[in-house]
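Read top to bottom, the protein sequences are chains U and A. Under this note's numbering, the residue at position 12 of the first sequence is numbered 12, and the numbers go up by one with no gaps. Under this note's numbering, the residue at position 113 of the second sequence is numbered 113, and the numbers go up by one with no gaps.
Treat the hints as calculated values from the structure; they're not laboratory data. A hint or two may mislead.
[Unchecked claim] Simulated pairs of lysine-lysine, DSS-like, Cα-Cα distance not exceeding 25 Å:
hint, chain 1, residue 1, chain 2, residue 2
1, U, Lys79, U, Lys45
2, A, Lys66, U, Lys79
3, U, Lys45, A, Lys66
4, A, Lys14, A, Lys55
5, U, Lys107, A, Lys20
6, U, Lys107, A, Lys55
7, A, Lys55, A, Lys20
8, A, Lys55, U, Lys42
9, U, Lys2, A, Lys20
10, U, Lys45, A, Lys20
11, U, Lys107, U, Lys42
12, A, Lys55, A, Lys41
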Amino acid sequence: RKEVEQDPGPFNVPEGATVAFNCTYSNSASQSFFWYRQDCRKEPKLLMSVYSSGNEDGRFTAQLNRASQYISLLIRDSKLSDSATYLCVVNYNNDMRFGAGTRLTVKP
Amino acid sequence: GAVVSQHPSRVICKSGTSVKIECRSLDFQATTMFWYRQFPKQSLMLMATSNEGSKATYEQGVEKDKFLINHASLTLSTLTVTSAHPEDSSFYICSARDQTRTYEQYFGPGTRLTVT
């Protein structure tokens, strides 16, 4: 079993759609969680950290369920510029592990 | 925000030669830097963790004698790919951890290595 698993994708959605990505992790002692965004042939960029209480940043909402070892990212009112690969990242004792990523394409 | 630079951004070299890639944290101190490799349409794979002033910790399957890492200062880590072969062609990305910002990692722009 992979340490961090994500929806395989790709997700192809129209502009304005709401899309959700899921991620599960295997290490129950993991301490912190993040979503990164990676554009084609570019480096990953931090999108948002994920907190136990859930957190929102504009159109993006992240949720964490420690009991189920599950993380989600919800994007509302998707824009063309949201097209990218979204990486789920889990940290344990300063060791960050990346999911394989889920590709999102938002179409006009 | 935290900025990490990498140099060069792109390099083409001949098989058998060595290539050095630099990773710098520009506006923060990074006691820990990470080196990743990414093949097309695949996820980032951690190669090694580099700690300032000590030896790097390599992931299983990564040859430490082939991928030499030096982290001589709090703002600079280097990765040298020795005796490069075509199968080493990949996108190499470094990241640096800002210890003052809840262990978030910031990535450099990556170096695309092509070995001919």
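Okay, the hints, checked on the actual structure:
A threshold of 25 Å between alpha carbons decides the hint, and for Lys79/U with Lys45/U the separation of about 18 Å falls inside it, so the pair holds. Only pairs whose Cα atoms come within 25 Å are accepted, and Lys66/A paired with Lys79/U is rejected, the gap being roughly 43 Å. A distance of roughly 28 Å separates the Cα atoms of Lys45/U and Lys66/A; the hinted pair therefore is violated under the 25 Å criterion. A hinted pair counts as satisfied when its Cα atoms are at most 25 Å apart, and Lys14/A with Lys55/A does not qualify at roughly 28 Å.
This hinted pair does not check out: Lys107/U and Lys20/A have alpha carbons roughly 40 Å apart, beyond 25 Å. For the proposed pair Lys107/U and Lys55/A, the alpha carbon gap of about 47 Å is over 25 Å, so the pair is violated. For the hint linking Lys55/A to Lys20/A, the alpha-carbon distance of about 17 Å falls within 25 Å, and the restraint holds. Using a Cα cut-off of 25 Å, the hinted pair Lys55/A and Lys42/U is violated, with the two alpha carbons roughly 28 Å apart.
Taking the CA atoms of Lys2/U and Lys20/A, the gap is near 31 Å; set against the 25 Å cutoff, the hint is violated. For a cut-off of 25 Å, the pair hint linking Lys45/U to Lys20/A stands: about 24 Å separates their Cα positions. Simply put, Lys107/U and Lys42/U have alpha-carbon atoms about 21 Å apart, close enough for the 25 Å limit, and the pair holds. With a CA separation close to 31 Å, the supplied pair Lys55/A and Lys41/A exceeds the 25 Å bound.
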